[in-house]
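Q: Can you make the complete structure from the sequences, with help from the hints?
For the record, the sequence lines run as chains L and Y.
Numbering follows my numbering, in which position 254 of the first sequence is assigned residue number 395; successive positions increment by one, without gaps.
Numbering follows my numbering, in which position 133 of the second sequence is assigned residue number 123; successive positions increment by one, without gaps.
Think of the hints as simulated: they come from the structure by calculation, not from any bench.
What you are looking at is a predicted structure, and each value in this text was computed from that prediction instead of being measured.
We put the CB at the ideal spot given by N, CA and C, even for glycine.
Treat the hints with care, since some could be wrong.
Stated by the list, open to error - Cβ pair distances, simulated, as ranges: (1) Gly191(Y) to Gln242(L): 53 to 61 angstroms; (2) Ser180(Y) to Thr234(L): 45 to 53 angstroms; (3) Thr346(Y) to Asp388(L): 21 to 29 angstroms; (4) Pro69(Y) to Asp217(L): 37 to 45 angstroms; (5) Glu223(L) to Ser429(Y): 47 to 55 angstroms; (6) Tyr162(Y) to Gly207(L): 16 to 24 angstroms; (7) Asn209(L) to Ser180(Y): 17 to 25 angstroms.
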Amino acid sequence: MAEVERDLATGVQTTGHEWDGIKELNNPLPRWWLLVFYACVIYGLGYTVFYPAWPSLSGYTKGILGYNSHADYYTDAAAAAEGKKQFTDRIETLGVDQISQDPQLLEFSLAGGQAVFNENCAQCHGVGGQGLRFYPVLADDNWIWGGRLADIEQTVRHGIRNADDPEARQSLMPSFGVDGLLDKAQIADVTEYVVSLTGAEFDAAAKDRGAKVFAENCVVCHGENAAGNKELGAPSLTSNIWQFTGDRAAFAAHINAPRHGVMPAWQGRLSDDLIKMVTVYVHSLGGGQ
Amino acid sequence: MTVQDAQPKSLFAAQEKIYPQRVFGKFRLIKWLVLGVLLGLYYVMPWLRWDRGEGVPDQALLVDLPGRRAYFFWIEIWPQEVYYFAGILMLGAFGLFLATALLGRVWCGFTCPQTVWTDLFLFVERWIEGDRNKRIKLDKEPLGVRKIGLKLAKHGVWLLIALLTGGAWAMYFNDAPTLVREFVTGQASSAQYGFIALFTGTTYLLAGWAREQVCIYMCPWPRFQSAMFDERTMLVTYEEWRGEPRGKVKALGAGGEKLGDCIDCGLCHHVCPTGVDIRLGQQLACIGCGLCIDACNGVMAKIGRPTELITYDSLYNQAQRAANLPAKHRFIRPRTMLYAAIIALIGAAMVLSLGTRSRLDVSLQADRSPIFVRLSNGDIQNGYSIKILNMVREDAQYDIKVSGIEQIRLKVIGQPGSLVSVPGDSVGTFRMLLHAPASALSDDSTPIKVTIEDQTTHETSSHDAVFRGPAK
Ligand code: SF4
Ligand code: SF4
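A: If you want it as structure tokens, here you go:
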């Protein structure tokens, strides 16, 4: 038997292998460690038998324990709904005003309402209610139909110019030009009057003539001082915010043949508590009155 | 010998069972004391109570995971303050470096949980099966009633200790008396049973079966602890210059060759819990427990030789002594000073931050869509989510103030004014709207500061933010 050689620095035996003067030390791994490795391999294979794992052409093996993460998810979701029940139950019985007065329900509704909003309303009104072209901003204080909680709830429930719901808000500005109610000159004059309300430069003579046209045709809905009428859904013309228009040409086009925004009714599509929550959320966006 | 004709050797070796022999001496005594203190602390601490008032856990040391709080006597840690935990880990690491630089692997040999519990388990083994020689004999014996009885008794006691250990660990995360009651009456949750079983199992496995295998093969610390050593570090060393050449006692003074002090009795090897022969030099497996010192000192006393043939000494001293030059311990070295300075720095930072930390915090998040809106009168409005962390037990009312823009106005959703209430020990989330005339804004982004003031204590906390508007 060859003489056992020990490395001086560590006291470990060498294997007898030597490369460029460097000797290999004999530090065999304990066998139990190897066995642990095999055990892990077996465990890993077993795992794929017990749990869904192997893909196949038409799906995957289901695993003999019947476990899958979808089922887990549904259980968790049900548990979460159960946890929310204490709030949703109260929301169902209370009115939106009371909900917004209760700090706990308010916080709950703002969070939940945001989810409802982003899922159902953001497509038109934008995430956070910033509005999209032709769809009104909900984060400002310019409300065509009123920005109180009750007003918003009514709009959410029944929609706007929505033929399927008799309680939907209806307002139709006549097509003054197309229907021949006003002639071209009158439209030009009344346009000049509206321009004057925005603070832009205007033709004084045309504006005075337009004021008369306005008094005869428009005051009924938009009011004496053009401040609008929320009962009728007639927007204020003196605010800085315009839904469809904003410049002279657009005003004229609108008077000639107005656009009419439409909003669906959410009653029947969203549950009662969700409607209340989204109402409270919209009210909180920035312009709630 | 060349590579080609080397004997084929297995890459894997069966574990050699180690039978550490009983030993008496000063390091053994220190180890018993340390073991007693540490285990005593470990088992008793979850039972200490600390009155924190109604509805709050009264356990002095508790990590309340579901409640997202950690309690250490009078200190309460919120989730966003886990950096204290990081600080403790850093203190632990540098403390370990310092101790290692000074005294080698004292942590491994005396205080490491693996060492402490293994020691306890070895004690039980020795108590039931007898000392080294008896145990070796017993293991060679064929299976019989006596052997089975002894083995059963040993594993039974081991499992009992393991259960107490695992159970105590769970108590740091649950109310201790409640947990014990529920555990005994079968009302604990399956998670609790599961975790206790897990900790019991690992204790039994690691301290009972794996023992030195943990130190030699599993623990990462031995891989690099030698980086903290230098020639002045105190290590368990065999004073080779004095001991060699070794030989049997009879040969001593027999006239022939002059022998060293080591009589090659092998006791230092037999008492070693990791099976090291320290006379071979510094080794990875040596955990620096000092038991071989005790063993050899006993032998030296018996044969009338000076003790400390195996001793705590530095490599520098050893070389000096071998050359008959003066030896001296030196603990103040650049390395140890650096470690100590870092420890002092981290410790001071933690104490300072704990002492001055506010129990009130505010954070602010601006709406990202819309970034701002224009109101009908031309004003600009920004929306924010504001979170107020009230970290004391009492409900509090806060006044929110905004500075940075003169004519800025504030509205809190759901509140008539700028006062908001936050219940004790909780986070209040509010939606806040700020609006200001466009003319008051300096640019598309104007810096503002939001300050909240506790209406009772007048403590304040503030958060910097910006107010966005149209570009100018
Ligand atoms: S060699 Fe000595 S100090 Fe090192 S582990 Fe063994 S008994 Fe302890
Ligand atoms: S215990 Fe002391 S005398 Fe005995 S073998 Fe070890 S070093 Fe030598």
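Q: If a hint holds in the structure, say so; if it does not, say that too.
A: Hint check:
For the pair glycine 191(Y) and glutamine 242(L), the beta carbons lie near 55 angstroms from each other, so the given range of 53 to 61 angstroms is met. Checked against the hint of 45 to 53 angstroms, the pair serine 180(Y) and threonine 234(L) fails, with Cβ atoms roughly 37 angstroms apart. A C-beta distance of roughly 58 angstroms is found between threonine 346(Y) and aspartate 388(L), which places it outside the suggested range of 21 to 29 angstroms. Checking the proposed 37 to 45 angstroms range against proline 69(Y) and aspartate 217(L) shows it is violated: the Cβ atoms sit about 21 angstroms from each other.
Between glutamate 223(L) and serine 429(Y) the C-beta distance comes to about 53 angstroms, which sits within the given range of 47 to 55 angstroms. A hinted range of 16 to 24 angstroms for the beta carbons of tyrosine 162(Y) and glycine 207(L) is inconsistent with their spacing of about 36 angstroms. Between asparagine 209(L) and serine 180(Y) the beta carbons are some 20 angstroms apart, a value that agrees with the proposed interval 17 to 25 angstroms.
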